[in-house]
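Here the protein sequences line up with chains A and B, keeping their order. Quick note, the first sequence lines up with residues 1 to 215 if you use the numbering used here. Quick note, the second sequence lines up with residues 1 to 218 if you use the numbering used here.
Hints listed in this document are in silico derivations from the structure and should not be mistaken for laboratory results. Incorrect hints may appear among the rest.
Here are some of the chain A residues that sit facing chain B, going by a computed Cβ distance under 7 angstroms [stated by the list, open to error]:
1. L64
2. N68
3. I116
4. L119
5. F125
6. R128
7. I131
8. I140
9. M151
10. V154
11. F155
Beta carbons are placed, not taken as given, at the ideal position from N, Cα and C, and that holds for glycine.
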Amino acid sequence: MKGLPYKIAGLLLILFSLSYGLWTKVPELPIIEQSIRNLFYHVSMWFAMVAMMAASFGSAIGFLTSENLALDRRSISLAETGMFFSVMGLLTGMLWAKFTWGAWWTNDPKLNGTAITMLIYLAYFVLRNSIDDPRKRARISGVYNIFAFVMMIVFIGILPRMTDSLHPGNGGNPGFNSYDLDNRLRLVFYPAVLGWILLGTWISALRYRIRNLEE
Amino acid sequence: MKNTWVLVRRYFSQEVRNSNVLFSLGLYLVGVAYLIYLLNGGGVPADKVWNSLLWMVVFFGAIQLSSRSFEYESNDYFYYYQTIAGPAATIIAKLLFNGGYIAVISGTTWGLFSIFFGNPVFNTALFGLALLLGSVGCSVVLTLTSGVAQRTQGNATLGAILALPLLLPILQLTSVLNLQAIVGVPTVEALNLLVSLAALDLGIGLLAYLLFPYLWQD
Chain A
1 MKGLPYKIAG LLLILFSLSY GLWTKVPELP IIEQSIRNLF YHVSMWFAMV AMMAASFGSA
61 IGFLTSENLA LDRRSISLAE TGMFFSVMGL LTGMLWAKFT WGAWWTNDPK LNGTAITMLI
121 YLAYFVLRNS IDDPRKRARI SGVYNIFAFV MMIVFIGILP RMTDSLHPGN GGNPGFNSYD
181 LDNRLRLVFY PAVLGWILLG TWISALRYRI RNLEE
Chain B
1 MKNTWVLVRR YFSQEVRNSN VLFSLGLYLV GVAYLIYLLN GGGVPADKVW NSLLWMVVFF
61 GAIQLSSRSF EYESNDYFYY YQTIAGPAAT IIAKLLFNGG YIAVISGTTW GLFSIFFGNP
121 VFNTALFGLA LLLGSVGCSV VLTLTSGVAQ RTQGNATLGA ILALPLLLPI LQLTSVLNLQ
181 AIVGVPTVEA LNLLVSLAAL DLGIGLLAYL LFPYLWQD
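Taking the hints into account, I'd like the entire structure generated from these sequences.
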């Protein structure tokens with residue numbers, strides 16, 4: 001099996017974060033209470049998503065400069081995995097919001113950014129499906145992918161900092177850094193992020209190889 | 001640079017000569033503004049609603065405009081222009097033309113809204129500037145996405161689907177600025193947002209300029 005070490009490392013890190021995340025001691029805060037543990041499960045999804053989308057963006061640039069169709073297949077495989085993580089991030093976030101804010105959905109810049117990101121990548125999938133010629137499809141969807149990724153970063157990374165938000169870490173609300181005085185949260189959070197990114201790489205690699213066989 | 005101006009002039013003269021299109025766009029703007037007036041029972045909408053209605057009208061006008069952005073350049077004509085002018089001149093000319101056009105659409109809509117619903121804008125200069133920068137941003141996104149849609153054999157709805165999510169960051173930023181202008185925030189205090197919007201326009205404009213040639217290699 002190719003790349004066995006990273007696959008095992010990814011699985012172990014995820015197992016560690018899933019189990020130790022439930023059991024480690026967390027800061028006791030009003031309203032948030034135990035739901036602070038969602039940091040390990042929800043925020044790590046977004047980190048994994050951005051990593052997948054960034055890799056997909058990089059592969060799209062690689063295709064446009066080299067005209068190598070394998071890079072295009074890598075790009076779409078990574079974008080699909082990123083989409084999966086964004087759905088997971090959305091669901092875990094909605095669950096958290098229901099218990100903490102009392103609503104499944106609020107008009108918040110972070111949530112709007114998520115909705116836009118999903119719309120952008122769904123449009124990307126629609127675009128790919130509407131072109132038959134592989135080389136043309138790769139080039140045109142590559143152009144869209146690059147443009148879309150930049151817009152997504154602007155929307156989720158820059159605009160929320162300029163407007164008010166209820167979300168932790170935005171609009172004057174403290175992020176987890178300020179509670180995490182003894183690095184206990186970080187000890188679970190960073191392994192979770194790394195583990196999910198490794199698992200995402202694995203999923204994408206499988207999808208990429210299926211595509212290669214189909215060609 | 002010379003080629004760009006020739007192309008921009010050609011696009012505009014083509015638009016003026018084809019007065020049917022211009023007329024239908026004007027009719028659309030007046031018709032929709034009046035429709036809102038009727039549905040609203042002749043009342044004056046609140047500032048926020050006024051602003052969002054304005055952008056809805058401009059948005060659909062701009063989508064309609066961009067969907068025929070490459071209409072005259074399907075296939076043979078396009079290769080002819082590409083060969084004599086080059087892709088760089090073409091994209092800049094398209095951006096300028098669409099930007100100017102959307103600015104005219106949004107200015108006209110502002111005028112029509114002022115007639116039907118009154119003009120709630122306090123800081124006119126800021127509002128106009130935001131409208132202009134927003135139009136430029138919309139033009140960049142719409143020019144690129146209509147180019148993309150055109151390459152998939154002219155699927156008009158696809159253009160709208162591709163453009164919609166990408167337009168939202170620009171429209172949101174512009175509309176925040178517009179609301180500030182309505183409330184009467186001095187231009188100096190909105191400078192931060194204005195510069196951000198201008199930088200966003202410039203950044204995506206540059207990106208579109210770099211990406212455009214890749215769309216047309218066959």
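Hint-by-hint comparison with the structure:
1. Nearest Cβ of chain B to the Cβ of L64 (chain A): about 5 angstroms, under the 7 angstroms cut. The hint holds.
2. Restraint check, N68 (chain A) versus chain B: the minimum CB separation of about 14 angstroms is more than 7 angstroms; hint violated.
3. A distance limit of 7 angstroms between C-beta atoms decides the matter here; for I116 (chain A) the minimum to chain B is near 5 angstroms, and the interface restraint holds.
4. Checking L119 (chain A) against chain B: minimum C-beta separation of about 4 angstroms stays under 7 angstroms; hint holds.
5. About 11 angstroms separates the beta-carbon of F125 (chain A) from the nearest beta-carbon of chain B, more than 7 angstroms, and the hint is not met.
6. Interface hint at R128 (chain A): violated, since its Cβ lies 10 angstroms from the closest Cβ of chain B, which is beyond the 7 angstroms cut-off.
7. Interface restraint check for I131 (chain A): the shortest CB-CB distance to chain B comes to about 5 angstroms, inside 7 angstroms, so the restraint holds.
8. Evaluation of the I140 (chain A) hint against chain B yields a held restraint, the C-beta minimum of about 5 angstroms falling below 7 angstroms.
9. Evaluation of the M151 (chain A) hint against chain B yields a held restraint, the C-beta minimum of about 5 angstroms falling below 7 angstroms.
10. For V154 (chain A), the shortest C-beta to C-beta distance to chain B is roughly 5 angstroms, which falls under 7 angstroms, so the interface hint holds.
11. Given the 7 angstroms rule on beta carbons, the hint for F155 (chain A) holds: about 4 angstroms separates it from the nearest Cβ of chain B.
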